[in-house]
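**Q** As a plain string of letters, each chain reads:
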Amino acid sequence: MRTADVVIVGGGIHGCSTALHLALRGLRPILIEKDYAGRHASGVNAGGVRQLARDLHEIPLSIASMGLWERIEELVGDDCGFESHGTVLVAETETELASFRARVEDLRLRGFTHEELIDRAELKRLVPAVADHCPGGVVSRRDGAADPFRTTQAFRRRAIEKGAEVLEGVTVTGLSKVGANWRVETSAGPIEAPKVVNAAGAWADRIAAMLGEPVPLTVVAPMLMVTSRVPAFIEPVVILRGRKLSFKQLGNGTVVIGGGHLATSNRDRNETVLDWDKLAISARTVWELFPAMRAATIVRAWAGIEAFMPDGIPVIGPSSTSEGVFHQFGFSTHGFQLGPGTGAMMAELVATGSTNTPIDGLGIERFR
Amino acid sequence: MTKASDLASSYELVVIGGGPAGLAAAALAARAGLSTVLFDENPGVGGQIYRAITSSPVKDRAVLGEDYWTGAELAVEAKASGALIVTGATVWSLDPTRLVGISIAGQARLIQADRVIVATGSLERPFPIPGWTLPGVMSAGGAQTALKAQGLVPSGRTVLAGGGPLLWLLAAQILRAGGKLDAILDTTPRVNWLRALAHLPDFVLSPYFSKGLKLLREVRAKVRVIRTDRVEAVGDDRLREVVFGTGDGERRMPADLLLLHQGVVPNVNLAIAAGVTHAWNERQLCFEPVLDGDFTSSVPGIAIAGDGAGIAGGTAAAERGRIAAIAAVRALKPAASAPDVQIIRQKLRREEMGRAFLDWLNRPADSFRQPTGDTIVCRCEEVTARQVRDTADMGCEGPNQMKAFLRCGMGPCQGRLCGLTVTELIAAQRGTTPVEVGYYRLRPPVKPITLAELASLPIAEAERKAVER
Ligand SMILES: Cc1cc2nc3c(=O)[nH]c(=O)nc-3n(C[C@H](O)[C@@H](O)[C@H](O)COP(=O)(O)OP(=O)(O)OC[C@H]3O[C@@H](n4cnc5c(N)ncnc54)[C@H](O)[C@@H]3O)c2cc1C
Ligand SMILES: Cc1cc2nc3c(=O)[nH]c(=O)nc-3n(C[C@H](O)[C@H](O)[C@H](O)COP(=O)(O)OP(=O)(O)OC[C@H]3O[C@@H](n4cnc5c(N)ncnc54)[C@H](O)[C@@H]3O)c2cc1C
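Chains A and B supply the protein sequences, listed in that same order. Counting from 1, position 172 in the first sequence corresponds to residue 172 in the numbering used here; the numbering is continuous, with no gaps. Just remember that the numbering used here sits 1000 ahead of the position in the second sequence, which is counted from 1.
Some hints here could point you the wrong way.
Stated by the list, open to error - Using 30 angstroms as the maximum straight-line C-alpha spacing, the simulated DSSO-like pairs for lysine-lysine come out as follows:
1. A:LYS162 <-> B:LYS1403
2. B:LYS1003 <-> A:LYS278
3. B:LYS1079 <-> B:LYS1003
4. B:LYS1180 <-> B:LYS1403
5. B:LYS1003 <-> B:LYS1447
6. A:LYS278 <-> A:LYS162
7. A:LYS244 <-> B:LYS1447
8. B:LYS1079 <-> B:LYS1403
9. B:LYS1222 <-> B:LYS1180
10. A:LYS278 <-> B:LYS1079
11. B:LYS1403 <-> B:LYS1447
12. A:LYS244 <-> B:LYS1403
13. B:LYS1211 <-> B:LYS1333
14. B:LYS1447 <-> A:LYS278
15. B:LYS1079 <-> B:LYS1059
16. B:LYS1003 <-> B:LYS1333
17. B:LYS1222 <-> B:LYS1211
18. A:LYS162 <-> A:LYS124
As the list claims (entries may be wrong) - What follows is a set of in silico ranges between Cβ atoms, one per label pair, in the way DEER data are often shown:
19. A:PHE233 <-> B:ASP1390: 32 to 38 angstroms
20. A:THR264 <-> B:THR1054: 36 to 42 angstroms
21. A:ALA232 <-> B:GLY1106: 23 to 29 angstroms
22. A:PRO216 <-> B:ALA1336: 45 to 51 angstroms
23. B:THR1277 <-> A:PHE233: 39 to 45 angstroms
24. A:PRO216 <-> B:PRO1300: 53 to 59 angstroms
25. A:PRO190 <-> B:THR1277: 52 to 58 angstroms
26. A:GLU323 <-> B:PRO1300: 42 to 48 angstroms
27. B:THR1277 <-> A:THR173: 22 to 28 angstroms
What the hints contain is simulated information worked out from the structure, not anything from laboratory work. All residues carry an ideal CB built from backbone N, CA and C; glycine is no exception.
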């Protein structure tokens, strides 16, 4: 019988980060991934490393994560393509700007200062290409972007170097308690371990169901498209609130356009079918906001399969039914930035039974 | 000229590609009463084999050969059948629900199809030798296109290198059009005869046999043919000379133009993006779709006909198109009258008979498919063979992971010029097979479209409502 200190289900950024941090603590985790690490949301997302506009419950984790992003090369031995030029939330109307102002003030009262209101002049300075109708916005200056697949692979590689075992092309099919251990059934035979982490992304409800712990997870597939290279014209990541848009130019000149329009998906077949009517909406939004982009060529569009929770925030913490099992899923289309910090937090929780990073309000019991 | 806005929002049959397969399919289906539209991105129909068949300035019929001119009949038939034939129409997306994204003159549309026949044909196999990206080096197919469409013949010192039936056809066409070839470098490995010989009897009985022999004789009478196992393009800002290996060492030949060709492989991009299952064909050294006897793919309602279904040539392409069209008619209008499929299957079998011999004989050598060192593999992102091999050694198991490390295959050509090379290099380096390694997961748009084109999609009902509210 194969054994481990911890079995991690899922080789996305979260599973790989938790594996690395457990190994750094001297534990021997085995990570099990049904496809290959980074095959799903973690490898194909927009790469936005953003603290801006996060739910209050996520902010402590997001800030902890940001600290790790800023020394990512030291942590994983690869710069992961991380660059920090800030994220700008653009207001398209005065009414929108007023609501942003209220949010920034509320955050300040709670002691969070990473979001900063900006006027028209500062917006034009940060994003000269933006259309003139926009009166201002919010900036989070330490934010940035990274290469998602490279990042996930770097975590995987470093985890292995530090003593984690990674089994790819292997599926977890069952969980049962055997004495003090969990017996994890897999397509490559059983593994026993006292602790299990469920980081199975859009499939995590199935792992939870094995524990008699149903969760209202919906499977979504946000779409992205990327253009051919255009001359450098924008540094920060730009997002909108009213209309769905996220917009970013990479170092190589290509522009990634997203914002949350959804494809249809079939998680049993790893399949997504793009919705071109919705991508056309994104194209029209870009057309209006960035006239410079009108002649750019779209070279690829895709979607990634992701877990979405009814309240839009993840499920993090111990199982409510099964001692020794921990959940880390449901990142609701913004979990890439949270990967490094959540893995560190989870390793602490699994290894010591508690954590210094507040995760109040994120537990699975909220769905009971 | 048909505009995007002239199209209906749905058709019973959408045919993608206007080569022999697409033309034959559209003609048969429309005649049987299916509402049929055919899209081709070229300015005229004909595909590769009959390119520019309705407009070619080459009027001397002997130059392109009688086989070429049989294409005119297909074009006329298709036009008369009642099918809507739309040229200058690029299909940039096909999905498993058979929604077809097209673009005509800068305007995009989404068209729903009950059935789709993908007839997008073949592409030349990548031929990654040192110096193949130099100006003055081009694919033989590119030269043939210039001849068929514009009547252009290469000028200056011209060397043709590679192998396969098309190489000899092109040589003959250039010579008949008054062009000159300084040499043909034949890269076909002699050992191929060992595997091919068993299939010689079938070949002798096939239509290829006598045509092929005649062609070889015609070309050999006029051009020096040199066997070689190594070819290199050398130059500074452009090609200056061709360096090649012979039994007794190395030779150099000054040249202005080097034309490369080592066979054709199915153009799989649209089918892969639509989710069609593909398999590795070891004899033809390429991926091809997995199809049933009616050329229906793993995705319901999507068939693939012609050389896109596996290379078998232009005449076979037309028969395959007909078989796929009959299946579409049977599915959508069972009462309609259609030709007897058994007769067509027989003709197809006869056409395909000589294939095994040709395939084994013309299999390009490993060294011409699996480059080394600084030879460029991915032209769009300028990735070298060494980079691909090193990354495979580092643990990178497949082309999709390779994209993330090297960006190979992520340029505008969407892997058309490097896909097979990258798969084979990873397989060679990791001591496994192309089947295990797999191919790029291809993302639509399979042909680039501009942001403006995408923004031009007619606003969907749902969005209009949202805006009005
Ligand atoms: C460069 C080249 C030259 C060749 N020349 C000859 C020759 O002279 N003689 C010969 O016997 N064989 C030739 N062949 C081999 C060829 O494969 C033929 O066997 C034959 O043309 C195959 O017919 P088909 O109908 O399958 O596809 P094709 O004739 O290749 O037709 C496919 C058509 O699909 C269109 N198409 C592809 N993708 C899209 C898209 N996304 N949107 C819209 N339209 C699209 C193309 O424009 C093309 O017109 C050539 C192949 C190549 C690659
Ligand atoms: C298009 C897109 C754009 C996005 N943009 C951003 C962004 O800009 N910024 C941001 O912060 N976030 C973004 N996100 C969200 C982010 O990508 C995800 O929240 C994050 O990657 C989730 O990581 P994960 O490890 O939980 O999940 P995944 O990456 O999905 O990993 C879960 C893994 O578990 C495996 N698995 C599941 N079940 C089993 C089983 N039974 N046995 C074995 N393995 C199993 C799966 O194969 C999968 O690989 C985006 C998401 C998408 C799809």
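**Q** So, for every hint listed, does it hold in this structure?
**A** Here is what the structure says about each hint:
1. Taking the CA atoms of LYS162 (chain A) and LYS1403 (chain B), the gap is near 26 angstroms; set against the 30 angstroms cutoff, the hint holds.
2. The suggested pairing of LYS1003 (chain B) with LYS278 (chain A) holds, with an alpha-carbon distance near 23 angstroms, which does not exceed 30 angstroms.
3. Restraint check for LYS1079 (chain B) and LYS1003 (chain B): satisfied, since their Cα atoms lie roughly 17 angstroms apart, inside the 30 angstroms limit.
4. The straight-line distance between the Cα atoms of LYS1180 (chain B) and LYS1403 (chain B) is roughly 41 angstroms, outside the 30 angstroms bound, and the hint therefore fails.
5. A hinted pair counts as satisfied when its Cα atoms are at most 30 angstroms apart, and LYS1003 (chain B) with LYS1447 (chain B) qualifies at roughly 19 angstroms.
6. A distance of roughly 44 angstroms separates the Cα atoms of LYS278 (chain A) and LYS162 (chain A); the hinted pair therefore is violated under the 30 angstroms criterion.
7. For the given pair, LYS244 (chain A) sits about 25 angstroms from LYS1447 (chain B) by alpha-carbon distance, which is consistent with the 30 angstroms threshold.
8. For the hint pairing LYS1079 (chain B) with LYS1403 (chain B), the CA-to-CA distance comes to about 43 angstroms; that exceeds 30 angstroms, so the pair is violated.
9. For the hint pairing LYS1222 (chain B) with LYS1180 (chain B), the CA-to-CA distance comes to about 9 angstroms; that is within 30 angstroms, so the pair holds.
10. The suggested pairing of LYS278 (chain A) with LYS1079 (chain B) is violated, with an alpha-carbon distance near 35 angstroms, which exceeds 30 angstroms.
11. Distance check on the hinted pair: LYS1403 (chain B) and LYS1447 (chain B) sit about 18 angstroms apart at the alpha-carbon level, within 30 angstroms; holds.
12. Taken as a hint, the LYS244 (chain A) and LYS1403 (chain B) pair is honoured in the structure, with Cα atoms around 28 angstroms apart against an allowance of 30 angstroms.
13. Only pairs whose Cα atoms come within 30 angstroms are accepted, and LYS1211 (chain B) paired with LYS1333 (chain B) is rejected, the gap being roughly 40 angstroms.
14. With a C-alpha separation of about 19 angstroms, the suggested pair LYS1447 (chain B) and LYS278 (chain A) falls inside the 30 angstroms cut-off, and the hint holds.
15. Taking the CA atoms of LYS1079 (chain B) and LYS1059 (chain B), the gap is about 22 angstroms. The hint holds against a cut of 30 angstroms.
16. In summary, the hint linking LYS1003 (chain B) to LYS1333 (chain B) is supported, as the alpha carbons are separated by about 28 angstroms, within the 30 angstroms threshold.
17. Using a Cα cut-off of 30 angstroms, the hinted pair LYS1222 (chain B) and LYS1211 (chain B) holds, with the two alpha carbons roughly 17 angstroms apart.
18. Distance restraint check for LYS162 (chain A) and LYS124 (chain A): the Cα-Cα separation of roughly 46 angstroms exceeds the 30 angstroms cut-off, and the hinted pair is therefore not satisfied.
19. The hint said 32 to 38 angstroms for the Cβ distance between PHE233 (chain A) and ASP1390 (chain B), and at roughly 34 angstroms that hint holds.
20. Between THR264 (chain A) and THR1054 (chain B) the beta carbons are some 41 angstroms apart, a value that agrees with the proposed interval 36 to 42 angstroms.
21. At roughly 26 angstroms, the beta carbons of ALA232 (chain A) and GLY1106 (chain B) sit within the given window of 23 to 29 angstroms.
22. Range check, PRO216 (chain A) to ALA1336 (chain B): about 50 angstroms between beta-carbon atoms, so the 45 to 51 angstroms window is met.
23. Restraint check, THR1277 (chain B) to PHE233 (chain A): a C-beta distance of roughly 42 angstroms satisfies the suggested window 39 to 45 angstroms.
24. The supplied range of 53 to 59 angstroms is broken by PRO216 (chain A) and PRO1300 (chain B), whose beta-carbon atoms lie about 32 angstroms from each other.
25. The supplied range of 52 to 58 angstroms is broken by PRO190 (chain A) and THR1277 (chain B), whose beta-carbon atoms lie about 32 angstroms from each other.
26. A hinted range of 42 to 48 angstroms holds for the C-beta pair GLU323 (chain A) and PRO1300 (chain B), which are about 47 angstroms apart.
27. Remark: the range hint 22 to 28 angstroms for THR1277 (chain B) to THR173 (chain A) is upheld by a beta-carbon distance near 24 angstroms.
In summary, the numbered hints that this structure violates are 4, 6, 8, 10, 13, 18, 24, 25.
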